[in-house]
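Let the sequences and hints guide you as you build the complete structure.
As they're listed, the protein sequences go chains B and P. Heads up: the first sequence begins at 31 in our numbering, then just goes up one per residue. Heads up: the second sequence begins at 12 in our numbering, then just goes up one per residue.
Keep in mind the hints are simulated off the structure, nothing from the lab. Mixed in with the good hints there might be a few duds.
With a straight-line Cα cutoff of 27 Å, these simulated BS3-like cross-link-like pairs (lysine-lysine) come out [unchecked claim]: (1) K80/P <-> K114/B; (2) K80/P <-> K121/B; (3) K80/P <-> K42/B; (4) K156/B <-> K188/B; (5) K43/B <-> K80/P; (6) K318/B <-> K43/B; (7) K262/B <-> K188/B; (8) K114/B <-> K34/B; (9) K156/B <-> K132/B; (10) K34/B <-> K371/B; (11) K262/B <-> K132/B; (12) K80/P <-> K102/P.
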Amino acid sequence: MARKVLILVGTKKGAFIVEGGEDRQSWQLRGPFCAAQPMSHVVGDPGTGTIYAGGGDPWFGPSVWKTSDLGESWSHSSEGLAYKEGEEPIKTVWSLHHANGKLYAGVEPAGLFVSEDGGQNWQHIKGLRDHPTRPQWQPGGGGLNLHSIVAHPTDDRKIWVGMSAVGVFYTEDGGESWEPRNSGTRQDYAPEGQRYPEFGQCVHCLVMAPGTPDRLYQQNHCGMYKSEDGGKSWESIEAGLPSTFGFPASPHPRDRDTLYLIPLNGDSVGRYMPDGSAAVWRTRDAGKNWEGMRKGLPQEEVFFGVLRQAMTTDTLEPAGVYFGSNTGELYASADEGESWKCVAEHLPPISSVETLVVDA
Amino acid sequence: MQQKTDAETRVEAPRVVVNLPCAPLDPFPEADEELEIEASTVDEMINALNARWPGMRDRLCDSTPRIRKHLNIFVEGRRSTLATALPDGGKVYILTAMSGG
Chain B
31 MARKVLILVG TKKGAFIVEG GEDRQSWQLR GPFCAAQPMS HVVGDPGTGT IYAGGGDPWF
91 GPSVWKTSDL GESWSHSSEG LAYKEGEEPI KTVWSLHHAN GKLYAGVEPA GLFVSEDGGQ
151 NWQHIKGLRD HPTRPQWQPG GGGLNLHSIV AHPTDDRKIW VGMSAVGVFY TEDGGESWEP
211 RNSGTRQDYA PEGQRYPEFG QCVHCLVMAP GTPDRLYQQN HCGMYKSEDG GKSWESIEAG
271 LPSTFGFPAS PHPRDRDTLY LIPLNGDSVG RYMPDGSAAV WRTRDAGKNW EGMRKGLPQE
331 EVFFGVLRQA MTTDTLEPAG VYFGSNTGEL YASADEGESW KCVAEHLPPI SSVETLVVDA
Chain P
12 MQQKTDAETR VEAPRVVVNL PCAPLDPFPE ADEELEIEAS TVDEMINALN ARWPGMRDRL
72 CDSTPRIRKH LNIFVEGRRS TLATALPDGG KVYILTAMSG G
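Okay, here's the thing in structure tokens:
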């Protein structure tokens, strides 16, 4: 049966869906959805075809939207998506993750919620905010947010989260208790001798290699890393890349040794494409070697950046790769990053890019 | 002494006319811009709105709980809090601030 690809795009002013055929050659833009509210992350559940969008703003608070008909109609809920009375309220939903029949939401101020009824009702996974290190958590430039959620593919008790600027934390009891897992990742702005703390690193994006739950990759404010032991220890894989700074990381859908990154020129020099030339960097050997993929991407005077959830792959063969810029341009590759084209432009700043492959 | 029945002792809540602004209604396309609500306080009024349109409370209040900072609720022309009592026949305006982004 023919299939189609839906590129799910979260932006500063609503969610969009860019729909294309299995050949990924022509695309149609739909949206904006979700009342044009800021949508930090839009994800799809391939099992049911349901799409979820999480976001919110300082005016009207956080919410999670849902469509079961590929965007024709939407509902929304924030029931239970709240901290206790008297605590600092939730500002927005930063991340969503669907796994093991559950929907997880990461929020700002950093915390984790779960819904077992498709986003209608939410429960706070309190153990994370009860961690003894909580009083020392400091926000990153974008706030104290929980932006990465990685659930074990088969054991729903095991979850990793990435928080700015707190680091990676892990639970193996469904969220009752957590431990930091940051050994080997740097905090370059700490004094000499204190640059490898137990927590406080600014992880930007945390992903899992396909079929290998113990292998994680991380794009950090200070470097790129790989772990082969579920995050207990990390090794640098930044040699060969144009910088140590960037936001998104995206694993290949099937090859655990292939990873895509988009390094930016630096944290205090604009956060643009290095040398004003756009490239997605790919490794085929788990970070030993890197190649810059540029064909079809603009190569001069490029001053956009790509945010932490704004790159992804699809599940087709060969794998498609997609990223969206903070200037509203969406790029797609149908050949594992070998070549690119712009498939949508003039969008609001793009926060997230994910895909959903469904029957046509 | 004859005991009064529950119906005789029950005090009816005030009825107010509530005027809702456009922006918070965007996620609730079926909501009315102006409607009558029976409620004794602003807090009860918001609960009544939420009963009609689930999720409305979270758009008007945060979990502190307090009225969201970019909103003001005026009861008979006076800025209110959640605890403000509502006068029978009164007019309530929920206004959004001129803050953008």
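Taking the hints in turn, this is what the structure says about them:
no., hint, result
1, K80/P <-> K114/B, "holds (18 Å)"
2, K80/P <-> K121/B, "holds (12 Å)"
3, K80/P <-> K42/B, "holds (20 Å)"
4, K156/B <-> K188/B, "holds (15 Å)"
5, K43/B <-> K80/P, "holds (20 Å)"
6, K318/B <-> K43/B, "violated (39 Å)"
7, K262/B <-> K188/B, "holds (14 Å)"
8, K114/B <-> K34/B, "violated (43 Å)"
9, K156/B <-> K132/B, "holds (17 Å)"
10, K34/B <-> K371/B, "holds (18 Å)"
11, K262/B <-> K132/B, "holds (25 Å)"
12, K80/P <-> K102/P, "holds (21 Å)"
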